[in-house]
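Number of protein chains: 2
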Amino acid sequence: MNFMQEAINEANFSLKLNEVPVGCVIVKGNEIIARAHNLKENNKDATCHAEILAIRYASKKIDNWRLTGCSMYVTLEPCPMCAGAIVQSRLSKLYIGTFNPSCGACGSIINLIENERLNNFVNVKWLYNDKCSSIIENFFKLKR
Amino acid sequence: MNFMQEAINEANFSLKLNEVPVGCVIVKGNEIIARAHNLKENNKDATCHAEILAIRYASKKIDNWRLTGCSMYVTLEPCPMCAGAIVQSRLSKLYIGTFNPSCGACGSIINLIENERLNNFVNVKWLYNDKCSSIIENFFKLKR
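Protein chains in written order, with our numbering: chain U, 1 to 144; chain H, 1 to 144.
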């Protein structure tokens with residue numbers, strides 16, 4: 001299964017709801033245990049980014065806050081809140097579809113994921129994907 | 001009303017539940033619109049820090065993700081996840097009871113709140129309070 005494509009499918013759900021289109025899935029073994037898309041505007045809650053929601057669903061699914069051994073696939077580089085949550089939840093791997101030039105917290109503006117002072121290390125892999133960058137670029141082009 | 005004392009009361013609820021004792025309240029005008037304490041272990045969810053829960057409750061209460069004009073009083077300096085959430089939710093003011101030397105993201109290790117590159121500015125006031133530092137120090141002394 002193409003897990004980044006599954007994350008893109010989630011981002012498309014956000015788009016249909018007129019949300020900033022970001023989606024993600026959390027994988028354990030070879031199974032998707034949680035999938036989520038950005039719901040900030042619809043839920044009227046700034047914490048409802050795709051990553052936070054997916055972490056909440058995954059923790060519920062495995063009945064444990066520690067997501068050690070799990071991987072997240074996300075279409076857009078996480079913001080500081082979400083990067084912090086990825087670290088807090090002990091996710092082992094993070095696959096990112098495209099960078100976030102305005103508030104990316106996995107290297108673009110700041111790096112909260114691989115940070116010696118914070119003692120945080122999540123294995124990050126960039127899976128640059130045209131669909132991940134175009135979905136977000138097109139969204140903001142239409143908004144302006 | 002002493003809002004930091006109200007946050008300390010919340011931290012005491014965490015302590016009774018054998019959670020890292022952190023509490024916070026969110027104030028609008030002169031009224032507490034949300035109060036929360038750390039529930040990470042009990043809820044088995046790494047996103048259930050006091051600050052994230054309080055932001056979720058406050059947004060529900062005022063039916064808006066924008067907490068502009070609201071203040072948060074928190075007993076311990078927020079971690080990166082929570083500092084990021086404070087910024088995302090547009091809280092106007094943040095009152096902190098004591099610093100967090102291991103992962104404080106409001107100046108101790110990193111500063112996500114007043115960060116030019118992230119374009120983030122929340123007005124931060126340190127209200128150093130012995131009760132805020134002793135509750136957390138005593139908790140970790142007993143754990144070791």
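Bear in mind the hints are in silico, worked out from the structure with no lab data behind them.
Do not take every clue at face value.
One copy or two, either will do: identical chains are not told apart, so a pair holds if it fits within one copy or between any two.
Stated by the list, open to error - Derived PhoX-like pairs: lysine-lysine, alpha-carbon spacing no greater than 20 Å straight-line: (1) LYS131 <-> LYS16; (2) LYS60 <-> LYS16; (3) LYS93 <-> LYS28; (4) LYS61 <-> LYS28; (5) LYS44 <-> LYS61; (6) LYS60 <-> LYS131; (7) LYS44 <-> LYS28; (8) LYS125 <-> LYS143; (9) LYS16 <-> LYS125; (10) LYS93 <-> LYS16; (11) LYS141 <-> LYS131; (12) LYS141 <-> LYS61; (13) LYS61 <-> LYS125; (14) LYS131 <-> LYS28; (15) LYS28 <-> LYS125; (16) LYS141 <-> LYS28.
Since this is a predicted model, take the numbers as computed values, not measurements.
Margin query: Within a copy, between copies, both or neither: which one fits LYS141 and LYS61 at a CA-CA cutoff of 20 Å?
Written below: neither (37 Å within a copy, 33 Å between copies)
Check: Which holds for LYS44 with LYS61 at a C-alpha limit of 20 Å: within a copy, between copies, both or neither?
Finding: Cα proximity of LYS44 and LYS61: across copies only (10 Å, versus 24 Å in one copy).
Check: 20 Å Cα cut-off: does LYS16 pair with LYS125 within a copy, between copies, both or neither?
Finding: neither (28 Å within a copy, 41 Å between copies)
Checklist line | Homo-oligomer pair classification [LYS28, LYS61; C-alpha up to 20 Å] | finding: Classified as within: same-chain Cα gap 11 Å, cross-chain 35 Å, threshold 20 Å.
Notebook entry, point to check: For LYS60 vs LYS131, is the C-alpha pair at or below 20 Å within one copy, between two copies, both, or neither?
Noted result: This pair counts as neither: shortest intra-copy Cα distance 30 Å, inter-copy 34 Å.
Margin query: My question is about LYS61 and LYS125: at a cut-off of 20 Å on alpha-carbon distance, are they close within one copy, between copies, both, or neither?
Written below: neither (25 Å within a copy, 39 Å between copies)
Check: Taking 20 Å as the upper bound on the Cα-Cα distance, should LYS28 and LYS125 be classified as within, between, both, or neither?
Finding: Close inside one copy (16 Å), not across copies (42 Å); limit 20 Å.
Note to self: With identical chains, the pair LYS131 and LYS28 could be close in the same copy or across copies; at 20 Å between alpha carbons, which is it: within, between, both, or neither?
What the structure shows: neither (24 Å within a copy, 42 Å between copies)
Next item on the list: Up to 20 Å between alpha-carbons, please classify LYS141 paired with LYS28: within, between, both or neither.
Entry: neither (35 Å within a copy, 35 Å between copies)
Check: Within a copy, between copies, both or neither: where do LYS131 and LYS16 come within 20 Å Cα-Cα?
Finding: within (16 Å within a copy, 49 Å between copies)
Notebook entry, point to check: Is it within a copy, between copies, both, or neither that the alpha carbon of LYS93 lies no farther than 20 Å from that of LYS28?
Noted result: Within one copy only: 11 Å inside, 39 Å across.
Checklist line | Alpha-carbon proximity context of LYS125 and LYS143, limit 20 Å | finding: Neither. Shortest intra-copy (30 Å) and inter-copy (36 Å) distances fail the 20 Å Cα cut-off.
Hint compliance for this structure: hints 2, 6, 8, 9, 10, 12, 13, 14 and 16 are not met, and every other hint is.
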